[in-house]
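Chains as they are written, first to last, in the working numbering: chain G, 1 to 116; chain X, 117 to 227.
Read the hints as simulated data drawn from the structure, not as lab findings.
Don't take every hint at face value.
Interface residues of chain X toward chain G, partial, derived using beta-carbon atoms under 8 Å [claimed, not checked]: (1) P159; (2) L167; (3) L170; (4) S183; (5) K184; (6) G213.
Now the stretches of chain X that chain G is said to cover, found in silico as 3 or more residues with beta-carbon under 8 Å [said to hold, decoys possible]: (7) 129 to 138; (8) 186 to 198.
Built from N, CA and C at the ideal position, the CB exists for glycine as well.
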Amino acid sequence: EAGVTQFPSHSVIEKGQTVTLRCDPISGHDNLYWYRRVMGKEIKFLLHFVKESKQDESGMPNNRFLAERTGGTYSTLKVQPAELEDSGVYFCASSQDPGQGGYGYTFGSGTRLTVV
Amino acid sequence: GQNIDQPTEMTATEGAIVQINCTYQTSGFNGLFWYQQHAGEAPTFLSYNVLDGLEEKGRFSSFLSRSKGYSYLLLKELQMKDSASYLCAVRDLLGGGKLIFGQGTELSVKP
């Protein structure tokens, strides 16, 4: 089966601009997670979708970040306007049943965002 | 609060054994994961523990003690390709299965 796909793989934008990241989960996976790793820090949870609904968005840094998952398939994460501290690697992961067992999460390769 | 600690860097020799420790203090616990991540690639699943004890999978083993909030990942017969970042992550009991990560341990395997 195809894995989790993220694009772009890299993005360099100027402060104040808008960027949209996309994640295509594994087909049939209802659960989709966004994480972010800022340089030198641990990977941190941003939010969790179940199908098209936001289950938990407690990790979203502020209202400059907007995530959507229309139709419960792919998801987008928009940053508007981007700030320097938004630079980092944004990971997406999907799961069929995240509460059971250890095999449920598949990660994408991430989008490296650089805000200059 | 949520806190997961692991060493930042480790170095080991090809063919040797290395143990990467992880201690955690989290408000909930529903399993501990170890992932391997090569630079620029996706984290890939290595092991999972939810009960105390040792789980063995080929050259990789992982141990968990829930009472001590402690886990380790053991890598045997190290190969150069094992040079990577190793991530310890705890699954939250509530909150839909999100993972709480440690900072990762950068392992360098030398000839």
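Hint-by-hint comparison with the structure:
Interface restraint check for P159/X: the shortest CB-CB distance to chain G comes to about 5 Å, inside 8 Å, so the restraint holds. The criterion of a C-beta within 8 Å of any C-beta in chain G is not met by L167/X, whose closest approach is roughly 11 Å, and the hint is violated. Among the interface hints, the one on L170/X is violated; its C-beta lies about 14 Å from the nearest C-beta in chain G, farther than the 8 Å criterion. Interface hint at S183/X: violated, since its Cβ lies 20 Å from the closest Cβ of chain G, which is beyond the 8 Å cut-off.
Taking 8 Å as the C-beta contact cut-off toward chain G, the hint placing K184/X at the interface is violated, the least distance being around 20 Å. Interface restraint check: G213/X against chain G, minimum CB-CB distance 3 Å, threshold 8 Å, status holds. With 0 residues bearing a CB less than 8 Å from a CB of chain G, the segment 129 to 138 of chain X misses the requirement of three and the coverage assertion fails. Coverage of the segment 186 to 198 of chain X by chain G is violated in this model, with 0 residues showing a Cβ closer than 8 Å to a Cβ of that chain against a need of three.
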